[in-house]
Each structure stands twice: as C-alpha cells, then as structure tokens.
Amino acid sequence: MMNKKTLFESLQQQGVTRRGFMKYCTALTSLMALPPSMIPIVANALESAKRPSVIWLSFQECTGCAESLLRSHSPTVEGLIFDHISLDYQHTLQAAAGDAAEHAREQAMKEHYGKYLVVVDGSIPLADPGYSTIAGISNLDMLNETVAGAAAVIAVGTCSAYGGLPMADPNPTGAVSVSSLVKDKPVINVPGCPPIPTVITGVLAHYLTFGSIPELDDLGRPKVFYGQSIHDRCYRRPFYDKGLFAETFDDEGAKKGWCLYRLGCKGPMTYNACATLKWNQQTSWPVESGHGCLGCSEPNFWDAGSFYKALSIPDGDYAKAAGYAVATGVALGAAAGFANQKTKSSAVSQHTKVTVDDFDMNKDKK
Amino acid sequence: MEMFSNANDFLIWVRGDAFNIALFILIIGIFIRVMEIFLLGRKKDFSEPRGTEWGPGLKNIVSRSVVDSGTFKRAPFIVIVGYIWHICFFIVLLFFVPHIELINAMLGLQWPGLPSQLVDAATVIAIVSLIAMLWHRLTHPVLKFLSTYEDYLVWFVTFLPLLTGYIAFHRMIDPYPLALGLHIFSVELLMVVFPFTKLMHAITLFIARWYTGAMMGRKGIES
Amino acid sequence: MSSQALADIKVQVESNEYESGNLDSILSEIAFHLEQLLEQKKTHSIDLRAMPWSPGDEDKLEAYLGQGEIQIELNALGKSLFYETQYSGIWIVTHYNQEDEIIGKLIEITYMPEMVFSQKDDVKDSIERLKQY
Amino acid sequence: MSERIVVDPITRIEGHLRIEAQMDGDKIAQAYSAGTMVRGIELILKGRDPRDAWAFTQRICGVCTLVHGIAAVRSVENALNYPIPHNAQLIRNLMIMAQYVHDHVMHFYHLHALDWVDVVSALDADPKATSALAQSISKWPKSSPGYFADMKKKLKTFVEGGQLGIFSNAYWGHPAYKLPPEANLMAVSHYLEALSWQRDVAKLHTIFGGKNPHPNFLVGGVASAIDLNSDSAINIKKLSQVQDAINQMMTFVDQVYVPDTLAIASFYKDWFKRGEGVGNFMCFGDLPSTSMDDPSSFFLPSGIILNRDLSKVHPLDLNNSEEIQEYISHSWYDYSGGKDSGLHPYDGETDLNYSGPKPPYKHLDVENSYSWLKSPRWKGMPMEVGPLARVLTLYAKGHEQTKDLVGMTLNKLDLPVEALYSTMGRTAARTLETKIIVDGMQGMFDQLMMNIKAGDTKTFNEKLWEPSSWPKKAQGVGFMEAPRGALGHWIVIEDKKIANYQAVVPSTWNAGPRDPSGKPGAYEAALEDNHQLHDPKQPLEILRTIHSFDPCIACAVHVTDPDGEELVKVKVT
Amino acid sequence: MSTPVLNITKGINALKEQIDAPTAAFFSSCVHCGLCAEACLFYTETNEPKYTPINKVEPLRRVWESEYTLLGKVKKILGLSKPVTDELLAEWEPLIYDGCTLCGRCSMVCPVGNDISGMIRKVREGMVASDHAPEGLIGASTRAVKIGSPMGIRLKALQAQIKHIEKDTGLTIPIDVEGADYMALLSSMEIINFPEYIESLAKIFKQANLSWTLSSEAFEATNSGIQIGSSDIARELIQRVVDGAEKLKVKYVISPECGHAFTAIRWDGPNLIGKTYPFKVVHILELLDELQQSGRLKTSGVEDKKLTFHDPCQIVRKGGVEAQPRRLLNQVATDFVEMSDAGKMNWCCGGGGGVSANERADEIRLKAFNRKKSQLEEVDVEVLVTACANCRLILEEGLEENNMDIPVVGLSELISEHLVEDGEKI
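Chains as they are written, first to last, in our numbering: chain A, 1 to 366; chain B, 367 to 589; chain C, 590 to 722; chain D, 723 to 1295; chain E, 1296 to 1721.
If we strip away everything but chain A, and leave its shape as in the complex, we get (with noise of 0.2 angstroms):
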C-alpha cells in the first residue's frame, strides 16, 4: 500500500514528456496566480513533491463549497483527487459512509500523523454540541481532534473562514470560525460564499508544489488571491472612474457594462480574484453578469448592509435616528430656548438704571 511516488514520477510513468511536464507547470503556476517568471522554480519543486493527505470536514455548511471545487479544471477535480491529493474523507464524494467513513479519516489521520491537510467547510457552533454532530461526534471535538496532527488547516469557504452564514446576526447557534478555535496550527482561509475553485485548488496547488503555505494577509487569506479588491481589477472600473453608472438593471447603463455601485456592488470592499480568475472555466463572472459584487470573501459581509444598497449608505435604521432625533432636538431645542429667555428675562428684571450720577458714587466709592 506505501507505495507513493512523487508527482514527477507518476507523471513520467504516464508518459509525459519533459515538454509535458514544463506546459503542466506553467499551467500550475498560473493556477496559483504567480507570475510567469516563476515557472521554472514551480518546475523544480514538483519534481520532488509527494500528494498530501487531505481530510475535508463538514460542519455547518450547505455543500457549496464542496460543489464549487468540483466545478475546478485547472487542475480538474478528477485531476486533483487523483495525481496531487489523497482526498481520504470527504462527505460529499467519498464512497463510503458511516463507521467505515469515519475508520478512513482516522486510518489518515494515523498514517499521515503531522503531514496531512485539514479542510474544513463550514462554521462550529458553540452554544449547544447538539446543534452539529457526525457520528454522535460533536464539530468541536472532531475538528479538535482532527486537526491536532494536522500540518495545517485550510478554511475552505467564509463560513469555516469567519463564521460566514450561521454566524450571521443573531448567530442562533454561536457558530464561530475556524482560527477562532485553532491557534496551535496555521490555518489558511480561503472565503467566499463559495470560493473560487481555482483559488481552492491554488492553495492545495501550493502546498503540494512548495510544502508550505502561501503568505497570507490580514485575515489569513493567501495574497496572491485575495491581495486586490474586486473594484480594483474589475472591468467595469474605468466607468466609474469616468462617473458612469447603472441606475437600475436593465437601464442602458447595465447594458453598456457601466458601473454598478450604485446598485449595490460591495467590490470596493471586497479582496477576491472573481475580476481575474472569474468563474466556471472563465465564462463570466457576478459583475459581468450584471449583478453587483455581494461582498462574500469578507468577513461579517452578511450584515454588511443590504446587497443593493450602495457601500457609501449607511446600513442602519437611519431614518428612524433621525426621526427621533428631529423629536429630541425639537424638544431640547425648545428647553433650552426656554431656558435662554429665562435667564434673558431675569437680566432684564435685575436692570437696575444708569444714571450719571452713579459715576461719581463709583468714583466715591473708590
């Protein structure tokens, strides 16, 4: 069974060519959104990278992150499952299911102790272990024990990367993020609501090329896809530059392609690669499609305000403050006016008259 060659040999035992192996590469290296340049050095580190375990767990989530990587085709899923992971326990694909599917995961998790992957999609609740278990096992405990001879953890998708949906005001179940749980481990987050499969397979892409993890940001996602915001790399940018803008959909400004911020694009705020890499083998995109950019690889973006409100709106009941507000200050206002005549008219009841004759008592005086 120990039989593992790395993905150089395994390639070269199907008859690929050294020219072969170079387009593979270049393809990788696109796939990881590096620069050309850098093929030749992706060269050098797959010819000695082996495929990494990857155990995939399941928590609070809907399955469309799962979906997603299976619409990857660069590499292929089937290319993926097959020449540079082990996918060994995964809900969604794997044959089998109960005790034998959860014997499988801790079958890799003995055998790869300290190397292999964890990913995980969905959010951990935390209020009740009753509101999430597989096998009777609590998402808590499972990932704690998962991840406890992990090499690193993937966040696959916004939920397992910040709490996502579940975690949506009023979070109903305390559902909380992965890094928020594991601090001994390095956790690379890779959100969207799905994330782009080609950023999925990048990050798996990476650590099988270079056996490490991709320099992250801020909020523990890889900068080489998350690094610039929609708004920055989208095609739509020059029409607001020039103040063009779609007024509703389906205007003339929708169909030219102008600017949707006002329909509520959250592109500026949002570090994704969807304007690059956009989606399903590149053939289109949500701004190309017409409707604005929901904000999905952010943190909290579901209570980030309405999805058609523009970003500069403020997404509070503003209406109601300053509602109140008028009423307030209509009141102080009148409270305050009253006391600003009170003390006027306690002024003029204490004049007591000038004469010319005071000067001289006061020069008297003194």
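Only true hints are included.
Part of the chain B face toward chain E, derived, beta carbon under 8 angstroms:
hint : residue
1    : R430
2    : T437
3    : L509
4    : T570
5    : L571
6    : I573
7    : G579
When the alpha-carbon atoms are kept at most 27 angstroms apart in a straight line, the in silico DSS-like pairs for lysine-lysine are as follows:
hint : chain 1 : residue 1 : chain 2 : residue 2
8    : E       : K1368     : A       : K342
9    : D       : K878      : A       : K50
10   : A       : K185      : A       : K110
Please keep in mind that the hints were generated in silico from the structure rather than gathered at the bench.
For each residue, glycine too, the CB sits at the ideal point set by N, CA and C.
Following the hints, put chains B, C, D and E in place on chain A, whose structure we already have.
Chains B, C, D and E only, in chain A's frame:
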C-alpha cells in the same frame, strides 16, 4: 480594537450604530443650537423703516459670499484660499458618486456625479488649501492671536475626512473596509463635533447674514 | 432551428460607449517588452488569466494582434497552440487540458517560446530509447 | 432484542444525516432518520431587506444551489404582487431546468452510483468487452477499447499508488454488488466523464447568474441584461454558449445517463421490490411558460396522489392553513401549543431546544425527539416529494412523453407499474424526468430567442423595486419544484422588512421524523419496507434506499421565529 | 464696605440683557477668519491683533457662551469656561472705547454677515454698568444730562450765537415757534465751532420757504449716552428731543451734520423710548436732497476746485444716506472725485463713537488718521467736504497734524453758499 475582530466589523459598526449615533447627535445639536438662537428673539424695532427686511436679508445671504475689493486687496490669501477650499470641499462632498448615493438614500435627491479624477483633484486641492490655511493661521499675527483650541480641533476634524477619503479612494490603507471605515468614522466625528463648534457657521451664517441684511435693509443700506 | 434563430439576428457592435478602455494599457505594456526583447534580449510572459478584462477585451486584443506566419501545435497532456501574431515577436500561447478546456493562456514576447524547443531531458530520453532498439 | 445499526455520517449527500435502524434479525424493523445539524437561517433572515432574502436562503444548500434563491425571489414577488418580464421568467426556467439536469446526473454518478458500482471490480474488466458493452447500449463516442484500456490503466496506477482517497474503506467486494467488471469499468469511466461534463453545463448558470454554485438572482427579474451590441450583456456569444450547454446536456442524458440507468437497473431488478415510501405523492408544480400566477402554463403540474391511486390527482392550496402543517413531536423544537400540535407555515413557530443525548453519543432517543427536521404533513398525511412524485403526477395527468418513457422503461426491464414504488423506481424516475426536462429546455430557449428577435429584451421590472412603493404589510408564498421535490418559502413582510420567513423543503417531507400519530416519513417508511441487511457492519442496503431520495439535509433543517420573541434557548449542558 | 453701584455683577447683567437672536447667530457663525481686522483702521494702522473687531466683543461672547449655549452651560458647571471678570473688562475698556469708533466697517466685510460693531455697542452697555467707561465720555455724559450739552453749552450761548448770526446776515433764526413744520437740532460743536451751519440752515429754509424752528429745550442733537453706550442715559437725552418736538408740535425733526446724532435720533431713539415718534426724523442732507430734487432749492454757480467727500460713517454706512450727498455735490461741483473705498465702505476719520471725546485716545486716534491721510493723498484734492461736525473737527485736526493744507467744508454750508439769492437769475 477588541471591540472589532476585523476591519469589516469596524466598517459595519461605523455604517450602522456609529452613524446613527453621530446622526442623532448632529440633528439634536443643530436643533438645539438653532432654537437657542431663534428663541432669544429680537426686540421690536420702533424706528420708522426706510426699506424692507426680507428682501435685503435674503439678498445678503447671497451677496456676502462676494468679498469687497478692499478686503480682497488687503487679505488676498485668506479670500482666495477660502474660496478654493469651500468650492473644492463642496465638489467633493456633492459630486462624488458615493456621496450622492448617501444623499439620495437619506434625502431622496439625486444628481449626476463627476468623474472621479476630477473629484480626486478637488480633494487634493482641498487638502492642500486646508494645510495652507493652517499654516496661515499659525503664522498670521491676527489669526494666531484669535485662534483657540477649538479652531485647531475644527481644522482637524475637517481635515480628517478629506485625508481619510483620499486614502480610502487610493487604497493607501489595507484592507479597504478599514480605510472606508476610518473615512466614515472621521465624518461621524465631524458630525458629532459640528453642532458644538464654529462648524455650525455652515448653518448659522444664513441666519447671521439674514439678520444683518435685514437690519441694513431696514435702514436703506446696501449690504 | 435555434442555431438558425441565432444566425437570424443582426448584430452590430459599434460605438465606443461600450469600451472600457482596458486595451490601451496592455498594448503599451507589450510594446515596452518588445523593445526590451530587441535591446536586451529579455523575454517576457503575460498571463492573460490575470487580466481584469471585460468579456470582449480578449477577443479585441487577439483581433488587433492578428495571426502571423507561424502556428505550432503541441500535444502533451492535451493540446497546446502557439502562434505568432502579425507583430513579430509577440506570441499567443494557449494550453488545453485533455478535456479541451483552456488551462492557461499567455502572451509571450520572445523570438520563440521556450516550450517549443526540444527539452534536454526528452533528448536524453530519446537517446536511451534509440539505444534500446 | 436485536441490535440497532447506526449509519452516521450518511455520505454522498448534502448535509448531515443519520440513520438508526432497529433490526429484527437481518431485517430492518424500524428506521429513524435524523438531521443532525442546525444553523437557524430563517431566524437570521428576520429584519432584513426582503430583496436580500434569496442570497441567504440560497445558502441553505449549495448542491441544489439555485432552488432556494428562486423560491425566495418568488415569495417576495408573490407577496408584493410583483410581475416580472417574460424574458426573466424564461431565463429562470432555463436555469431551473439546467439545475435539474446537472443535479440529477451528478446525483446518479457521484452520489448514488457507488452504491451499485464496485470500483475495485472494474480493475478486472476486459477493455474490449467493456467497449462492446458500451457500444451495445449507446452511440456515445468515448467507447473504444483503447479508451477503456486507458481508463483501466489510470485506475490501476491510482489503486497501486496506495492512496485510495475518496474510494478508501468503501464496501468494495460486498456481495450486494452485482455488476460484471465491464459494467463497473464503464460506470467508473462515466463517473469521471460526468465530473468533466458537469463543469461545462454549470456554465449556463454562470452566464445568467455570474457563478455556480450560488448564482445570483434578483427580485423583479434577472440581473443579466440583454443587449446584443454589448460585450457586457447577454449577447450572441453568450446565447451560443447557452445553446452549447443545452446541447451538451441533451447529448449526455440521451447517450450516457439514460442508457446507464437502464443497464444498471437491469442488474438490480430486486430493488424494484423494496424501498417504497409512504405511498402518497405531492407536487407544487413549476416552469411556467407565462407566469407563476398561471398554473395552467406549468411545464411540471401540481397535484397530489394518494395511496398509489393514479386515477385521481388532488388539488392543493399552499395558503390554506388546514392543508400543509408542520409537526415537531419528534424534533428538537417546542411549540407554544404543545409538542403535538401542527402549524401552517404562516403561523408556524419554532423554539430551538436540543433535548437529545449529549455528544459524543451512541444512540439517539428515538422515543422522544431525535432530529433537527420537522415533520410536515398534508392534511395530516405524510407525502413523498421529488422525481418519483413528479413523474407519477405527469403520468397520472396523461403527459404523453412521460407515459412513453415509463412504458418503455418498464417494458425493457419487464416490470409492472408497481415497480415504480421502490428504491430503484425512484432512481429510474429521476433519470426519466431528466430526459423530459432536457428535452423541454430547447423549447424554453427558443422562446427566449424569439422574444429577443422580436425586440423584447426586458429582463427586469423596476416598478416595485424601491421599498417605498411597497404596502406596509404583505405576505406571500414562493414555490417551486426543486430537483428533490416540492419547495415552498413563506414570507411575511412588514415595514419593508422580513417579519417572518419559513421554508418547507423537499427533504423535510421525505426525511422528517415520525409525526404525533407515529406515522413515519418517507425515508423511514422506505427503509422499513422489505430491507434485509447482508452484513450489519456494511449496511450498503441502507445507503441504496436513502440515496435513492437524493437527500439534501441542510435544506431540511430550519428555525423560524414568527412571533419575534426570544426563541433560541441555549441549553447549558 | 458696600458694593459700588456700578460693578461687575451689573456689567455682566447688562451684557446678558443685550444678547438677542442676532447676537447668538453672529457668535455661532464666527470662524475666526480674521477678515474683520483688515476692515478696522485701528488694526490696519497699528498692526496690533488685539484691535481685531471680533476680539473686542470677547466679553460679550463669553457671556453668550456660558449663559446662552448648552455646551457653555455644561462648561460653566464643570468650571471650564472663561469667566468675565472686572479685570477682563478693564483690559478690554481701551479696545472698546479708544480702539473702536463704531464705524461699522467690520460689519460690512464679515463673510458670515456678523454685525460686529453692533455687538461692540452692546459691550459698551456692560462697560458702563461696571464702571469701565473712559473719563472723557463720563464727563460728556454728565454734562449732557446735567447741563444739556456734552460740551457744556447752555441755551444762553446758543442765543448769543443766534443773535450774532441774525445781526450779520439779516436772517431770522426762529426759536420755540409752535406749529412750525421743522424743528432743527444742532450739535454743540456746530454752535461753538461751525456756526456757519446755523446760518446755512436759515438760508436754506428761507429759500425753500419752509417754516422751521429751534427749540430752547431741545436744541442739542448729540447723544453722549449712545457714545458711552448707556441706553439709560441715551434715553434720557432722547426724551428731551421728543418732548421738545412734541411741545412745538412739529412734523419733522432735522438731524444736523452730526453722525452719531442721526443714529441716535433716527434709529435708536424710538427703541429707547419704546414707541414710534409722532414726527419724522430727517437728516439735513436728506432734506436738502429732497428740496433740490423737487426744485425748491435752487443753486447757482459751481466750485471748480477738485474736491472729495468724506462719508461720515453714521450717516452713510450706518444711516443709509449715501446717494444724497453725491447728488448734492454734483450739483455744485465740477471736479468731485471719490476716494477709494468711498460710500458705505468708507474709512472712518478715527474720531467717531465717542473717541473724539476721549482724550486718552488721542494718540491712537492720530495714528488711525493715517488711513484717511493716505486716502486723501491718493486723490490729492483741494477741498474736503463732509457732513458731520465731529468728522470735520477730527479731519481738520488730523490734516493740521500732518501738515496738509486742505480746507474742510460742511456740505450744507457748501450748498448754502450756492443758493440763489432773492431775485438772482439762475
């Protein structure tokens, strides 16, 4: 920063609760200040009027925006920079699309925005002119003499939104939610400070100009 | 029937109101690197997947660069197409996977894309195989 | 006392499902279906902009990624009486239909097939014989001996590599696997081909909705504007891509999915004799050619079939508080009117109260509450929803193509109509339905093209977009036929905000626990129907029947808060 | 020791009384731009920032802030506000009385529209009530109240002058003629220094054929109460004029060529006594202009000397009589030129607002005159015309001090010199 686990949290707070609080204080403050003024009232004027009050009062509101040539000659810096600052500030405030969206959401009024390069240039000019005005205030004997801590506070809270706006627009602070959050927060600071400082001139100058214009109009003086 | 319906529709793409203006910058970037190639023999690659482009920009770029005199097809782990554009020294390289999906697309500013040359390892391998005959 | 078999996690499904089966010897006596994860999405929805609701509800499920989005926008449109342009209706229909085809094919190959196909056995296949088998059932081009030889080589390299990944620890070699090695190799090949195929067909969603999973929707229409002169709108290039996706779907369904289903079913005819659910079937109807207010224009009709009686299709009314009700007598919730009362979704209430065993646990307390799913009932009766319900309704209503397809299938397999009420019947119905849907897609697309040709490019109705134009209070129901069955979202809007939101979803109907009268839901009933387990340690049989329903559990678990009271009681454990 | 009758408490109370809505609006609007400094000749000629007009009203601002604003009240409770003390008022006294002529130029340039000079006038109320008025003004006020004229001129002195004029010219100067249409007022300065004015009046009324009179009880037009800034004193003095006019049942009271007198009688008077007058107040220039416009005043001959007009602040800028002097001048002069900043933007002579009566201010007043001096140098005229006896005196003094040989003439006088004599052909 324990209150916020990340920049987005901060942005959500400044766009939500903080904005409401700031708006609340701003509106209440303005009402109090304006009512304090109006309820003090004016004595009835028994002198025989030579002209009316309303027309000249309203006219003065507009005409005071033009400085007399003598003053311009004596203090060209403050006049020119003052104009530039106010014009650029209003360009930025009223013609940057995100600001228009805010106004539209709050008041239901909308108008076309300007290209962001233009707004950006106006921001830079406004920032430079504010700095110049601070320098002027620190060096001109009269301004130095007149200035109180409030003048510097007001300068600061006015400068901050421009600076943070510029930073946010150019994404000079990462991540953007933090930059935008700081911008909005600085505006909220301005909103909170507004009713209790000379920033109120933005509202009361209309009242002041009207009173003076009306008083002069009554006497038949062109004001 | 439906493909006919498609063909029936007259399409006119006109007016630059639709132009995002993204093309200008890439063309000047290419020109810069072409000069570098000539003067300093520096090659350069641009990953087209990393471009923040409108849906039509890539087509427009390709149409603008046009097709030159040489085209090379490579078959390794799926197809790869190399062709020089009308502008000598500017190559467009498209890599496909075995399912014929594009997995990489680059503009290479070079006299000849590196991958077209026979690779040393493969030549060594060839020698061995020939010797086995 | 016989043993209690637990299957948890049930894999190759959406969500977290646990089955406990009380054995009587080798036979399942009682089965208990439990959803073991709760998020509280409907509680989260409260107080939000109704126009945003689709994005939240869509995240109920990333597999049937579209259905909750559609139901949500429809519920808002229904509440506000908000008409949408015809193009938008057609585009939504196309997206729904693409979802069916995508979802059903993926379910068959990636979630269900490994219950019938032994991957390890495929290593023994003769590529030549495999090719012959493949060519005998279909003209699908990828069927040469060389192709299968390559596949076999790849599989062999993989298995010998020692890291089996997703195939590790499965019940390979279980005697219940009956396919010959060649059929297994063919099925494994198609498993991989389907993975590649699904990537392409998902593009239809991406074109109109920007991405998949979780494409974008819009109350009042669709966000993708149509302008043939624009790069950045739906233009000829994109419409051709849509046509390509439809063609790809049609070809794969015709040449791979349908033949494979028939071929595999022919080896498992005994599975047409077990796994019947509750015998009642329900459809809400969907795919209007005009509007949702006009059920007569539905491509998929609504109706109820009771007790296998195909001679009568009963009407149903989603707004009638006496018809659809949800029960919680065996769910981890409380009702103010008592554990045994039933409530219509508009009046529904939910009080989250986990009373199960403290994790880690071995068994659930099936006498009391044991699931995060509620038990919806129609006039007190349990219903099965999904492909079988839809095929039966179409069949009962005399839909010609359905009758032909059902007849052809039963004929080919030499089975009576009753065979449909079974595990394999359910799986076959899904395939037949896919065929019906994919054939209907071209018509939908042609209608869209005709509209565009006639100059109608309207995709969004801005009339009621601004909340200021809404009434102070409104309520409505958005319904659809999701791939897994009838789906309804009930919304109450007050002061431009969501006051109450409730989703009653297909898997609640099918996977819900017992009701107050002890009547089991469809999963439980199906498992209790004639299931012997060959090896209790390898309960493959349970997986087969459960998978035949295509479970989607995240959808089924929900929390509502109709009264705006503090409902979530966090138990201190 | 008992408290002085005039003290800080009274002063503050007086300031409190003075604050009204406009004041509050003005203080709320000031942005400390400093432009008012550039409008004030005391600043421009000394370059001392303390003379910035808005700084002069600091005591009033402090009272406003701590008594009439919410934040100020809070600050006061917390002990953070700057109090108004006797020392402060003492320090401010020279700014208010010596360094301000109440010319109102600052009120014209303030970009937010603040009537700063109006507020300085209010500060004077507090100054008086706390015994911070300058000696000169106290003396003048005392004389005005007790003797009837700030310069101590009694009726006898006037009568002597009248006799003199009547004798010299053959004109009659009516006194106490009940039922006359016009009652003329005079400023002490005219009686003493410029009796030509009385002569002019007589000529003018004669030619216009109007019935007029002087009042033996109310001949003095000036109002030291306004200058010192005490409404109480001003009221007393105004009351005399009103009583006098009412007693003689005149229709019009004519304000003489004296700036603050016009302000006092025309604009402040009715408000001081709290009612409208039963007569109208017109300035002599208004009357002259009206007579001329209606053709009842005929002039002949013109001055061909280059001359200019110094606008008395209280008459022009603060009194609204701006066009009239120009029309009149153009009638009798061919080479009338305007100084820069003429009309409502005119610079004060430096002696208004009681400054001329305040010996302490002599030095700064002469400094301030440099403004006028340079204005005059610019136009280089042979004759300087004005319409205020006080201005005239200050101008003469200033010109002399600067060795400038330009005669100063009263406008009424100039007009009267050109009146067509009886029988003279035009």
